Structures are given as C-alpha cells and as structure tokens.
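Order-wise, the sequence lines are chains A and B.
So the first sequence is residues 1 to 114, counted in my numbering.
So the second sequence is residues 115 to 229, counted in my numbering.
Just so you know, these hints were derived from the structure itself, not from any lab.
Values in this document were obtained by computation on a predicted structure and should not be read as measured data.
Note that beta-carbon positions come from the ideal geometry of N, C-alpha and C, so glycine has one too.
Nothing false has been slipped in among the hints.
Reference excerpt, derived from the structure (chain B facing chain A, CB under 8 Å, subset only):
no.: 1; residue: H123
no.: 2; residue: H157
no.: 3; residue: L158
no.: 4; residue: L160
no.: 5; residue: K163
no.: 6; residue: F204
no.: 7; residue: L217
no.: 8; residue: F219
no.: 9; residue: G220
no.: 10; residue: A221
no.: 11; residue: G222
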Amino acid sequence: EAQVTQNPRYLITVTGKKLTVTCSQNMNHEYMSWYRQDPGLGLRQIYYSMNVEVTDKGDVPEGYKVSRKEKRNFPLILESPSPNQTSLYFCASSSPGGPVYEQYFGPGTRLTVT
Amino acid sequence: AQSVSQHNHHVILSEAASLELGCNYSYGGTVNLFWYVQYPGQHLQLLLKYFSGDPLVKGIKGFEAEFIKSKFSFNLRKPSVQWSDTAEYFCASRTLSGGYNKLIFGAGTRLAVHP
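Just need the whole structure built from these sequences, with the hints factored in.
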C-alpha cells in the first residue's frame with residue numbers, strides 16, 4: 001500500500017530538549033515536504049527536499065532542520081524546541097512536475113512543547 | 115506573494131443542505147487548484163483537482179468545484195451534505211517557485227453537519 005508514515009504520532013516534550021520526527025514514504029517519490037498546521041493559518045511549508053541531499057527552506061523554517069540521506073526518509077529535527085513550535089506537523093511526498101501533481105500526506109504528528 | 119483565501123472559517127449545516135465553500139487565489143498565470151479534506155484525527159486527502167479543460171471538476175464523495183478564471187475562484191460544492199462530511203476543507207494552489215512546484219494552502223474551512 002502506497003503511504004507516508006510518521007513517527008511519533010503524539011509527542012509532549014519540554015523546552016530545549018532536542019527531538020526528531022521521522023517521515024518515510026514507499027512510493028519512490030523524489031519530492032518531500034514538511035508542513036505545520038495551526039488554527040486559522042492552514043498549512044505552512046517548513047522545509048522541502050527535491051531529492052537526496054537537496055533540501056531548501058519553505059515559508060517557516062526557523063527553529064527546524066531537515067536531512068535527506070535516503071530517498072524514502074525525510075526527518076524533521078527540532079534542535080531546541082520552544083512552545084511556539086507546538087503544532088500539528090505533516091509530512092508529504094510527491095513526484096515533481098508532470099500532469100498529475102498530488103501530494104500524499106502522512107497521518108500527522110501532534111507536538112506539544114511545554 | 116501568491117495566496118489562497120478561504121472566507122468561510124466555520125460553516126454549520128443540517129443534513130441534506132447544499133454546500134458551497136469559497137476559495138479565491140491570487141496568482142494570475144497558469145494555476146492548478148486543489149481541494150483537500152481532513153476528517154477529524156486524520157491526514158489530508160485529495161477531494162478533487164483542476165489542471166485544465168472543463169472548468170467544472172467532479173471529485174470523490176459527490177463533491178464538485180468550478181474554476182472561474184475571471185473571478186480567480188474555485189468554489190467547492192455539494193448538493194446535499196451528510197453528517198459524514200463533517201471535516202476541515204482546504205483549498206490549495208500549485209505554483210512554480212524557484213523552479214519547483216509548491217502548494218499554497220488556504221486557512222481552511224471547518225464544516226460541521228448536524229443530523
């Protein structure tokens with residue numbers, strides 16, 4: 001089954017404690033992206049990756065890092081989480097370009113930073 | 115900057131009522147438009163998309179949307195909603211940014227359908 005998986009699904013942590021949210025896709029997609037979803041703001045892109053070792057900032061990258069060492073994995077790293085990073089996070093993947101551009105979303109990770 | 119606007123943030127309907135959710139985009143060039151749905155506790159799923167051709171697009175679960183270029187709009191419609199349509203709905207536009215495709219999302223519309 002084609003899917004995007006994220007772990008963990010729920011996470012409560014304290015300010016300053018480094019954490020990683022994993023994302024994996026099994027569709028051989030080149031393009032992967034991280035979004036955060038906040039009430040009234042919709043989804044905002046944090047980082048994206050065009051392919052292995054190719055990443056770039058999205059609209060709200062401050063406080064986040066990513067890496068793309070393998071095509072299927074795209075972890076999101078919060079080196080020193082702060083309460084304003086409390087949010088719902090989604091990973092997505094797709095094949096760039098082409099006539100059918102559809103992003104497949106993971107189930108989401110709800111992060112609370114106290 | 116390109117943007118997508120959804121003017122209705124919360125909509126409450128009774129079952130069997132008709133639904134129309136507004137979506138306006140700002141980009142004046144070639145656009146590809148999408149509606150995604152997020153059921154409670156679930157991830158986003160694609161409802162329908164417009165790339166070209168017939169401006170009336172039919173999606174899953176009885177939803178449709180009409181692309182009106184002159185109004186920069188892509189409103190979502192359903193003639194008769196069900197309780198199971200309770201969800202949050204996001205309009206999105208694909209644009210080219212820095213040589214890659216990027217999705218810009220609206221703020222979302224939360225729909226509650228009462229039995």
